Amino acid sequence: MSDLEQFRSDTRAWLEANCPPEMRKPMSSDEDTFWGGRNAKYSSEPQRVWFERMRDKGWTVPHWPKEYGGGGLDGEQTKILRQEMAAISARLPLVSFGISMLGPALLKYGTDAQKQEHLPKIAAGLIRWCQGYSEPNAGSDLASLQTRAESDGDDYLITGQKIWTSYANYADWIFCLVRTDASGKKHDGISFILFDMASKGVSTKPILLISGKSPFCETFFDNVRVPKSHVLGTVDRGWDVAKYLLQHERAMISGMGERGAGRPLGQIAADSIGADAQGRLDDAMLRGQIASFEVDEAALACAAERAVDLAKAGQAHPAFSSAMKYYGTELNKRRHEILMSSGGIDALEWESQRSHEGARPRAWLRTKANSIEGGTSEVMLGIVAKRILDLPGA
Amino acid sequence: MSDLEQFRSDTRAWLEANCPPEMRKPMSSDEDTFWGGRNAKYSSEPQRVWFERMRDKGWTVPHWPKEYGGGGLDGEQTKILRQEMAAISARLPLVSFGISMLGPALLKYGTDAQKQEHLPKIAAGLIRWCQGYSEPNAGSDLASLQTRAESDGDDYLITGQKIWTSYANYADWIFCLVRTDASGKKHDGISFILFDMASKGVSTKPILLISGKSPFCETFFDNVRVPKSHVLGTVDRGWDVAKYLLQHERAMISGMGERGAGRPLGQIAADSIGADAQGRLDDAMLRGQIASFEVDEAALACAAERAVDLAKAGQAHPAFSSAMKYYGTELNKRRHEILMSSGGIDALEWESQRSHEGARPRAWLRTKANSIEGGTSEVMLGIVAKRILDLPGA
Amino acid sequence: MPLLLNEEQTMLRDSARGFIGDKAPISHFRQLRDAKDAAGFSHDYWRTFSEMGFSGLLVPEAFGGSGLGAVEAGVVMEEIGRTLMPSPFLSTGVLGVSALKGGSAAQKSEYLTKIANGALLTALAIDEGAKHRPLQTAMKAARSGNGFKLNGAKAFVIDGHTADLLIVAARSAGTPGERDGLTLFLVDPKAKGIALERTAMVDSHNAARITFENVEVTADSVLGDVDQGNALLDSVLNIGRGAVAAEMVGLSDEVFGRTVTYLKERKQFGKLIGEFQALQHRAAHLYTEIEVTRAAVLKALQLIDDGAPTAPAAIAVAKAKAGTTATLAVQEGVQMHGGMGMTDQFDIGFFMKRARVCQELLGDSNYHADQLARLKNY
Amino acid sequence: MPLLLNEEQTMLRDSARGFIGDKAPISHFRQLRDAKDAAGFSHDYWRTFSEMGFSGLLVPEAFGGSGLGAVEAGVVMEEIGRTLMPSPFLSTGVLGVSALKGGSAAQKSEYLTKIANGALLTALAIDEGAKHRPLQTAMKAARSGNGFKLNGAKAFVIDGHTADLLIVAARSAGTPGERDGLTLFLVDPKAKGIALERTAMVDSHNAARITFENVEVTADSVLGDVDQGNALLDSVLNIGRGAVAAEMVGLSDEVFGRTVTYLKERKQFGKLIGEFQALQHRAAHLYTEIEVTRAAVLKALQLIDDGAPTAPAAIAVAKAKAGTTATLAVQEGVQMHGGMGMTDQFDIGFFMKRARVCQELLGDSNYHADQLARLKNY
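Chains as they are written, first to last, in our numbering: chain A, 1 to 394; chain B, 1 to 394; chain C, 1 to 378; chain D, 1 to 378.
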């Protein structure tokens, strides 16, 4: 047996022994996600057990170095772990922007002291992070941001407003883009800085969305004092860090369209609509739309797998994540349009218990942000046109 | 009985008595179109009879004034004549760019002498016209044309090259855009001029298309001498005439998507593919695509009808024909994609008698030019954005 | 007949637009929603609708109405679509009146007069499953003495919880899927055996689920002919479909107008976003779709008023097309508004929610495309 | 296994690209077309293909082949797609070899060796109606003495007019639509009762219509099991579908590359047309579609080589997706080339014609989406 085969069989056995049965079901509500943080709440005992066991193996962040609380796995091992978890539908033990966004940037740009301070707390779910990028007048045009950091001895004083800060009202720390120099071009003079949301002068205000939920906040900074040592990377070169991180975010968001293992959409539709004598969904038009969608979805899953393999082989184009982000989010929106059409009248209910408080329409409305957040579809297509296709003036 | 009702009943009776049965079938090949001209050929005796009878009524151009060989009908009467012809599937007795394109421009911009000279010959099918607009480097950007007309006493000497000149090799006269002044902005200094294709220095070369046919030519002018009196409208203001004429052309092309009266596409598909036990086309996916297409096609037919009514009521936006041209041509391309899919393997044959020398695939390929000729879809959308939606910088 | 509004229809539109835009702009809807208003619409405004002749728009003059047609109903619906004004106009003024016009002289005189006066609200109870499939009606109407006993459940009954009179489709013969065997009944919502649940909907408009358990109705409560209700039902549903299609035209046009305005205001990358050609082309395409849809809907409504045999096909086209156009309009509207379009504070989301409900209402685009194919024999 | 070409496969690609790009660029195809070449392909190049190991790519080493798999066949097909090189590679090297691998030891030793040597050309005769529906095979194979008598007609037999051996699906039992009852036969195209007509196709590639009238074949000519030919046929068709999908990836990629080049060269309105944002976004979308398709096709071919039970679903995805992507690529290619794209003188039109044929070949996107739905039980 090769080392990898051995690793797979060990992993399978460990998961079998350690993943509680309750943690082997698809998540059905926001409660099912464990976010960690200073005020972490477990929604159930199995959720706590599962998190702690995985944390102790370093498998909340399996591919991070062990010294930072990671699992120290290489690419192949990480893929195997993911496959084995998927095989038993094991949930992620910990979801956090510290893992998916800040972590990769810290690993690449952080000083030793910064890595030592932050990475282990992320791995152990002790600190919950949020991301301070967008501003009211800096959406797609992120680099025009105006939140300013004024030098004051060893500190900056930060003043400004962010918007679309995911879960800022629950976050302990923020990683944030601020303008440290307003004299040059808009992409210069931006710094990437980390600070505690409990600092004096920070306040948040949730934004009510069309889904009736408030996953985002407006976040206000009024002379927030932050040590200069909290800058990640080079002062005034924060745009590089931001770009690096956005690529990770896009690659992550593009994965939303992947759902190969789930129940076929056509069967979900048949639950509401029924099947004809030959077992085909009893709405031929909708069946055709679903089948075409599932062709695209399955193809996207292949592209996502290939993107990982290309990256491992050092053959990936750095802007390819933008293509995948575009495609994955547009597909996910289409998926939820189909789910709404499949649910028909029943999917229009907004508050009843029968409808799980309108889970389906709320999820549908939520997806409309997919092609906006983390870079709009239009911005993604522009990046592909410019950086991959090298079209003039793009 | 109202005057219009009387007109309808008279018209119906006349058509019944005068339209030969052979002329009451959909056209099935290029031969079925009568184009007139110095070298006019009738493909059949009924074609000649039908043309001559209609010509004698002035109904080759029913809405033109009688003094120019027209029928002198008003808008309502013309509509009734069209409806009654459609009701018996009567063919057009004469097709010509003189009728559909030049005529309206002559009526609006022509001098009395020009009208007297040209309109009656168009109405009677004596002269066949072609249109000299596009040049190799002036396609979508038509105003950048470079064919020049140099003043020489009472004449111009015209030199340059046109492309996409429909049937130039069969045409007797051409209406043509030439540059009479190259000193100003590109839209200025263009004149709209008419001349005989038999003039010294004119030559044509057919362009072989992907459909295997050559409806277009390259047309060359080498010091062609044309009297200055042949300019239509004001010298150097030919762009106004061209725009006016293009609107007519677009309105006409947009009509290609209309085919309300024809056999339903789904039944055409069933001829090749068959039907299931419930009488539905035995390809559920294709059936859905056809039904969606037929929804759009029927809706477009309503929009075309409404556009005419709006124009009559003086409520039409002058740029609306661009929206219709865009929509109609894109729909027509989709129709032919569906026809190809419906025909399947049989529709791939290119030369056999069985396939009428590949009539279906050749027609399919021909439609790909619909969204290019007469202004590309991209140019049409730009016009709508600018002139109707008033979007900035459009 | 020209495919335009005539002078009277234009005046009607202006008066509807004046009242609705003035008294019931979208903030009116927002207030009702935020207050979780018990009725879900303003009784005061319905009274005004009746004074303006809108509640009795389709009621023959003999019964105190305006005796107008489907085109005029569409005119009002289009204006309702612009501000999403909650109103019983569809359930009572269109569906209720159209159904009752198929009733006996006594039924007409009793109910139509009241509707024209604004004194009676109705609701049509058709759908049972997840999708609109009127022929699949399974609800039982068993003969019982001189009358019938109703058993079954209805969903998506628009304005069901405020109705004074339910119009219920039930199967007095045959099996689900058959054309024959359907009968329409007039049922008092307070009758014994009826349980009614107001459904909170994604669009914050009104609908109800209603169960019928051994509900006894007399022979007089039959609307039209026993077992032969399908023809009447078809015509009621078709005018309703045309009306909802008109609402979607108004909704699409309004969303589009707001979006174009936003394109001319919002700056990114140092430009108005309306300067970006990719957005210009998408806006121009959407404009064309809306204009094409507008024509198809008006045509269908005119054909209904003409009693033309082609009306059912035209209605299938109109409802199918209006559904896809409205879906595109709200999707482009939200996307082009960027993050702001996702907030409850902006109104765009309301249109997206309403468009989704209008899609399902009386058959979605798939249903009607399928109907068109059936009508065309393929 | 990573979803990439490995080193050997990359070398194979380079060598295929080198030969095809060098010897058989698209001008080679144009010459054959203009000359109305009798064979429709170059026998010389087929000999070279055999010397390079391509004709026997899928032939086991025991019979003189390279013993490679579906991925490698896809690599060659993709390069063929780039220049539209006419070649019996699909009909003989892929379909023929895959079918014959299901034969007896004698059949394999006789035919596979010859194919590897470039000495035998085959053609697979499946389709009968307008659309690819293998289960609907109606052609009769009636038992007659020790053998069978074949009656029926086949269409769209790729390279039928140059084949030395026909592989024919016929119904030895059951009725059209049934899985059981199909048998594959090896038939000499010169046998009595066969009439063959070369079909001139829109893409100027080769196909034939063949009628069979009381064609007698011996029991030895049965390939695989009598009445149970469907499983073998399925696997042959699936590798063929994967190969055609790979051809469409090559074709799409080539059209796209030519189009992007044109966008960087052609000026209108004082700008390169590639500067227009609307075209940029459409190009970026098409790029993404092609990359997604490339991954789906490679995955399907890998799963075939793995003998994975998920291979049929993956092939349905690959063929369906490749068909829609190629259609989009050629449509955008022609439109973005403007009038020039419509001329025979430009090559873009060739790709549009070939893409249409590849769509129909072995099932179009609708067929395969439907298959996927069936495999997923809805």
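A hint or two may mislead.
To be verified - Mimicking SDA-like on lysine to any residue, the simulated pairs with C-alpha atoms at most 25 angstroms apart in a straight line are:
| # | chain 1 | residue 1 | chain 2 | residue 2 |
| --- | --- | --- | --- | --- |
| 1 | C | 376 | B | 124 |
| 2 | C | 271 | A | 121 |
| 3 | B | 25 | C | 377 |
| 4 | A | 108 | A | 393 |
| 5 | A | 185 | C | 306 |
| 6 | D | 108 | D | 118 |
| 7 | C | 36 | A | 247 |
| 8 | D | 376 | B | 277 |
| 9 | C | 271 | A | 390 |
| 10 | A | 121 | A | 183 |
| 11 | B | 185 | B | 25 |
| 12 | C | 376 | C | 306 |
| 13 | C | 267 | A | 107 |
| 14 | D | 271 | B | 277 |
| 15 | B | 186 | D | 266 |
| 16 | A | 108 | A | 205 |
| 17 | C | 264 | A | 141 |
| 18 | B | 79 | B | 124 |
| 19 | D | 271 | D | 376 |
| 20 | A | 243 | C | 267 |
| 21 | C | 271 | A | 107 |
| 22 | A | 386 | D | 376 |
| 23 | C | 271 | A | 39 |
| 24 | D | 271 | C | 33 |
| 25 | A | 57 | A | 138 |
| 26 | A | 213 | C | 306 |
| 27 | C | 271 | A | 208 |
| 28 | D | 23 | D | 118 |
| 29 | C | 271 | D | 346 |
| 30 | A | 205 | C | 33 |
| 31 | B | 205 | D | 34 |
To be clear, the hints were calculated from the coordinates, so they are not data collected in a lab. Quick caveat, the model's predicted, so the values are computed rather than measured.
Each hint tested on the structure:
1. C:376 to B:124: violated, 40 angstroms
2. C:271 to A:121: Not satisfied, since the Cα-Cα distance of roughly 43 angstroms exceeds 25 angstroms.
3. B:25 to C:377: holds, 22 angstroms
4. A:108 to A:393: violated, 31 angstroms
5. A:185 to C:306: The given pair, whose Cα atoms are some 66 angstroms apart, is violated under the 25 angstroms limit.
6. D:108 to D:118: Status holds; Cα separation ~15 angstroms.
7. C:36 to A:247: violated, 43 angstroms
8. D:376 to B:277: holds, 24 angstroms
9. C:271 to A:390: Between residue 271 of chain C and residue 390 of chain A the Cα gap is close to 22 angstroms, so the pair holds against 25 angstroms.
10. A:121 to A:183: violated, 37 angstroms
11. B:185 to B:25: Measuring from Cα to Cα gives roughly 50 angstroms; hence the hint is violated.
12. C:376 to C:306: Answer holds: residue 376 of chain C to residue 306 of chain C is near 21 angstroms, not above 25 angstroms.
13. C:267 to A:107: violated, 35 angstroms
14. D:271 to B:277: Distance of about 57 angstroms is beyond 25 angstroms: violated.
15. B:186 to D:266: holds, 19 angstroms
16. A:108 to A:205: Roughly 32 angstroms separates the two Cα atoms, so the pair is violated.
17. C:264 to A:141: Judged against 25 angstroms, a Cα distance of about 16 angstroms means the pair holds.
18. B:79 to B:124: holds, 21 angstroms
19. D:271 to D:376: Outside the cut-off at roughly 50 angstroms; violated.
20. A:243 to C:267: holds, 22 angstroms
21. C:271 to A:107: violated, 37 angstroms
22. A:386 to D:376: violated, 39 angstroms
23. C:271 to A:39: Since the Cα atoms of residue 271 of chain C and residue 39 of chain A sit roughly 43 angstroms apart, the hinted pair is violated (cutoff 25 angstroms).
24. D:271 to C:33: Answer violated: residue 271 of chain D to residue 33 of chain C is near 52 angstroms, above 25 angstroms.
25. A:57 to A:138: Between residue 57 of chain A and residue 138 of chain A the Cα gap is close to 41 angstroms, so the pair fails against 25 angstroms, i.e. violated.
26. A:213 to C:306: violated, 48 angstroms
27. C:271 to A:208: violated, 28 angstroms
28. D:23 to D:118: holds, 18 angstroms
29. C:271 to D:346: Given pair residue 271 of chain C, residue 346 of chain D is violated - Cα atoms ~38 angstroms apart, limit 25 angstroms.
30. A:205 to C:33: holds, 22 angstroms
31. B:205 to D:34: holds, 20 angstroms
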